[in-house]
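Chemist: Here is how the chains run, residue by residue.
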Amino acid sequence: MKKMMALLLSVVMMMTLLTGCGGAAAGGSGSAGGTLTAYVLAEKGDTYSLGLANNFKTAFEANGGKVIMETFPTNTTNFSDYLQKSLDNKADVIFAPNSTTVAANLLANANDLGIECPIMAGDTWESSVILDAVKGTDLEVYCSTFFDESDSSSPAAKDFVAGFKDWLNNNSEYKDMNGGNDIVAAVSALGFDAYNVALAAIREAANEKGSDLTSIDIANALWGLSIDNAVTGKIQFDQNGDAIKDSAYIKKAGDGAFEFMKVQTSPNNAAQGTPADYGNATGVKLDTANKKIVIGVYEPTSGNNAAGGKQEVLGIYYANSLDDTVKIDGTDYKVELYVSDNGSLEENAVTAASNIVGQGALVSLGSYGSGVSIAAAQTFEDAGIPAIGVSCTNASVTEGHNYYFRTCFLDPFQGSVMAQFAWETVSK
Amino acid sequence: MNITSYLIRGLATGGQFALVAIGYTMVYGILKLINFAHGELFMVSGILMIYIVADLPTLPIGLAICLMAALTVFIGFLIEKFAYSPLRSAPRMSVMISAIGVSYLLQNLVSYITGGLSKQFPDIPVIGESVRFLGIKDKLTVFLSPVIAIVLTVILVQIINHTKFGMAMRAVSKDFETSQLMGIKINRVISITFAIGAFLAATGSVLYFAKNTGINHLSGANPGLKAFIAAVVGGIGSIPGAVVGALIIGVAESLAKAFGLADFSDVISFGLLIIILVVKPTGIFGEKTTEKV
Amino acid sequence: MWEKNKRTICNLILVGLIIVLLICIDTFAPATSMWFSVLRKVCTFALAAVSMNLLNGFTGLFSLGQAGFMLLGAYTYAIFTIPVNMRSNVFRNYGDSVIRFQMPLVLALILAGIVAAFFAFLIGLPVLRLKSDYLAIATLGFAEIVRGLVQLQSFGPVTNGPDPINMFTAPKSIMVYAAISGISILIIVLMINSTYGRAFKAIRDDEIAAEAMGINLAHHKRLSFVISSFFCGIAGAMMAMCNTSVSSVSFTTSMTYQILLVVVIGGIGSISGSIIAAFIFYASSEWWLKFLDLETYTKAGSKVPLLGPGFRMVVFSVLIMIIVLFFRQGIMGTREISVYDGIMKIRSVFVKDKAKGGESHE
Chain A
1 MKKMMALLLS VVMMMTLLTG CGGAAAGGSG SAGGTLTAYV LAEKGDTYSL GLANNFKTAF
61 EANGGKVIME TFPTNTTNFS DYLQKSLDNK ADVIFAPNST TVAANLLANA NDLGIECPIM
121 AGDTWESSVI LDAVKGTDLE VYCSTFFDES DSSSPAAKDF VAGFKDWLNN NSEYKDMNGG
181 NDIVAAVSAL GFDAYNVALA AIREAANEKG SDLTSIDIAN ALWGLSIDNA VTGKIQFDQN
241 GDAIKDSAYI KKAGDGAFEF MKVQTSPNNA AQGTPADYGN ATGVKLDTAN KKIVIGVYEP
301 TSGNNAAGGK QEVLGIYYAN SLDDTVKIDG TDYKVELYVS DNGSLEENAV TAASNIVGQG
361 ALVSLGSYGS GVSIAAAQTF EDAGIPAIGV SCTNASVTEG HNYYFRTCFL DPFQGSVMAQ
421 FAWETVSK
Chain B
429 MNITSYLIRG LATGGQFALV AIGYTMVYGI LKLINFAHGE LFMVSGILMI YIVADLPTLP
489 IGLAICLMAA LTVFIGFLIE KFAYSPLRSA PRMSVMISAI GVSYLLQNLV SYITGGLSKQ
549 FPDIPVIGES VRFLGIKDKL TVFLSPVIAI VLTVILVQII NHTKFGMAMR AVSKDFETSQ
609 LMGIKINRVI SITFAIGAFL AATGSVLYFA KNTGINHLSG ANPGLKAFIA AVVGGIGSIP
669 GAVVGALIIG VAESLAKAFG LADFSDVISF GLLIIILVVK PTGIFGEKTT EKV
Chain C
722 MWEKNKRTIC NLILVGLIIV LLICIDTFAP ATSMWFSVLR KVCTFALAAV SMNLLNGFTG
782 LFSLGQAGFM LLGAYTYAIF TIPVNMRSNV FRNYGDSVIR FQMPLVLALI LAGIVAAFFA
842 FLIGLPVLRL KSDYLAIATL GFAEIVRGLV QLQSFGPVTN GPDPINMFTA PKSIMVYAAI
902 SGISILIIVL MINSTYGRAF KAIRDDEIAA EAMGINLAHH KRLSFVISSF FCGIAGAMMA
962 MCNTSVSSVS FTTSMTYQIL LVVVIGGIGS ISGSIIAAFI FYASSEWWLK FLDLETYTKA
1022 GSKVPLLGPG FRMVVFSVLI MIIVLFFRQG IMGTREISVY DGIMKIRSVF VKDKAKGGES
1082 HE
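Residue numbers (the numbering used here), protein chains in the order written: chain A, 1 to 428; chain B, 429 to 721; chain C, 722 to 1083.
I should point out that these hints are in silico values taken from the structure, not numbers from a laboratory.
Because the structure is a prediction, the values reported are computed rather than measured.
Every clue listed holds true.
Straight-line Cα separation of at most 20 angstroms, EDC-like style, residue types lysine to aspartate or glutamate; simulated pairs: (1) A/Lys-252 x A/Glu-116; (2) A/Lys-175 x C/Glu-1016; (3) C/Lys-1011 x A/Glu-336.
DEER-style ranges, computed between Cβ atoms: (4) B/Asn-615 x C/Ala-933: 35 to 41 angstroms; (5) A/Thr-35 x C/Leu-843: 42 to 48 angstroms; (6) C/Ile-835 x A/Ser-266: 46 to 52 angstroms; (7) B/Ser-619 x C/Ser-853: 21 to 27 angstroms; (8) C/Ile-734 x B/Leu-609: 54 to 60 angstroms; (9) B/Asn-615 x C/Ala-939: 38 to 44 angstroms; (10) B/Val-579 x C/Pro-1026: 45 to 51 angstroms; (11) C/Gly-816 x B/Leu-487: 57 to 63 angstroms; (12) B/Ser-619 x C/Lys-1066: 42 to 48 angstroms; (13) C/Gly-1054 x B/Asn-615: 24 to 30 angstroms; (14) C/Ala-933 x B/Lys-592: 39 to 45 angstroms; (15) C/Pro-1026 x B/Lys-592: 46 to 52 angstroms; (16) A/Asn-169 x C/Pro-1026: 24 to 30 angstroms; (17) C/Ile-1043 x B/Ser-619: 18 to 24 angstroms.
We put the beta carbon where it would ideally sit given N, CA and C, even for glycine.
Pulled out of the complex, with its shape left as it was, chain A reads as follows (with noise of 0.2 angstroms):
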């Protein structure tokens, strides 16, 4: 009697959960004729996920599309039911800005279904996780990125290309962090740049300090540098410490490569920054007597973001394996690269940065993945370090963060040109 009871409770709950919702859906079915609908799925509680989905969301809405957004828990490995109801709602461009632990996931997902429209993400599909998984399968994937790799308007990115695969080929270990290919990643072209802005701004400051130079002198030196040879472009930072671009490049994933689609620029008339009040604090000095510099990178090598982590890890381990040394009032001092982990999740953040900050390093780099990077920020503020991250593009990262600074875009504006490009596209 009682497990009846039981079971009948249950159908009584379903049947509420059936009736009480049904309501809500039946205003969002068919896509209406002109309009154009857009499935925008985002992870819950990922920095990067969800403003990027929002900035996306909010450009292809003031173009006059239709948004679907939806949220899915972390962890999650079928995704099904999410791409089912952009077959419902007859989406005409999916807009999945994920990691690539999801990304290959959902992709399998979709191909099962048969899912036929453009699926689009942001820089983190640049990975070949998603170019084995669109292998042999229908599915048209986008992405946008910070740099192309047959790109040979620019002298230094052609060098930065020939060399860095031959580095990886003639290094079966790196290779294999690389994803066992020398595809050049956008990330790891943004990790050399990142290191030789450091090194740079180490110079700078050795310069017009000498010896004496402190961490905070490195932090004042960046606000004014100008780097016009960097791979992916000319860098400069603006007020708030992120690098003026303004320019993305948007690729296709194709069989074993991505094929080059597109650049799509949209004007940034932001100005070069000027140094930011650091009050009276100390920073870390240089370390004298063991003529050493060490920079920290602060990478996510384990955890949903590794591959990208790795990539990016790479960039800078061969920017270091180019230069090394520094000259500060005549004498050599070596720079050491010390790797420090932080596993994707928010909750190493301070750990991961407070083992940077205890080796003593007097810039860190890094991180790939918004959420770290937002969470560390405040260590290295309080150790006086300058950060400068790779390619984290959530807007919060330098905002009120005076030491951070970043060599990549920035989320709106890759929102509104992924916006733009699906709009383009879809409406052909």
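Start from chain A and add chains B and C according to the hints.
Modeler: Just chains B and C now, kept in the frame of chain A:
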């Protein structure tokens, strides 16, 4: 809206979770232990499959699955021998903590071996084929999972009800000490229970990962937790209960997404868990027990 | 009586020494030292572990909802201590925060505890009737629900939705952490030594006998649950302070498991054990064992085998399994640290005829 597609995919997830939930429920029935490491065992069997196929490319896929199932059963057996059997006389809380420790260890071990990267599950013939059924296009595993889960459950229930070993198992779960006095080899019964649970988890992992092909060290956490909720909702200790519970959880989550409640999908299963616990703590099929003084 | 006073005095001296040591570290350690981040974390999790111990070790209620209560505490604290002029910046994606004032640190801390305690009271009404494992599952489910709800975009103006909250008051001095943690633990200890504490222990040892002796089971269980959650909320607020940002994704079940492991290593039912274990656990996992994660090369240039990303956690979990399996009592068992007894024990080794002095353990 195409409700059938959500129902079918919900049943599929439910069927896959059911195979994991049986492992939870059987171990609880006998040892009164929530085997927190069971979800990790599910994930480990998926990882094993990847490494077997990668390292022995000439092995036919059928044999690879058998080898994987055998290894999973062996690991399940080892876990019981090393982490649970030394604590047989310890308080229940200690065993539960040991289970948490094992799941921590398995996760970290896999994270170390895979470098924390997500790996692709190999293509499985037949169940990995794409088919169209009732107007829904998906892999065959989606349509087969609930059927396979129910068939395996029926076989299992028959074994438990009609064989000598099954009788021993029922006796042990009714009264641990008396059955020991009656000459039942307790340790053997427990080992076999763990082996059955591990085997079903391995089967479930093939069905599940054939569809959701990316696996990393955290892939077991979510299915493990959901299967565990299913076992509790169905009435922990009851095998048919675990299956019914898993199907309910699977369908409820899918329908939630269908009706625009995707943001709440995990809240719904946990909410269901708490409601069941409060209204009928022994679950839908659970038996009422009285506490002895 | 004199015997008891001697013990108290000796323990007070020990506490005094620890405080002096902390002050020394706080003032003299270089700013880049790992001591700071580790000790902040130790203070936080020592309190979390002690509050879990109050419930699991002293009242015998197996609850796994710690992460949920810490989340509530952390969010409450963070939301109320953001400076007013920073609010629109933090809540950028949701217009602005609905709360337009800033609370002083101490008030916000207490409020964090009260919010956690309030939810504990609500959830405790139905859930505390459940027996051991079922209670563990229900509280675990509750923590997951809280996490799921806090992340909702519709709560954006209050909780900043799924986005992290930062820019709130986060003291840097470890003395602040030590003070909050110390005072809270002191209150818990006083509580345990009162009549309530004895009732809790009676419930732990035998529920039915305790009820027969006239202890109101429901009342005492709820009391223990609410108090434990109150301090869990404060520990959550401390976690917010030492992480300088709060994000709901951090408060997972695995965090609860971590706290549980600290309690087990220290000894279920020992306050000083939990504190010592918190220190050992976090100092080794985040600092002393960190070298295991780095690929190291010998002088000859060959790579040291096994070392690499993730190896630290493998070694660490193996160590935990060894403790769980072979040292089930943990470091302290159910005993408490007592300097006086320790001295007497050492003395008894040297002075044979006074050997009895060392056997005054509980």
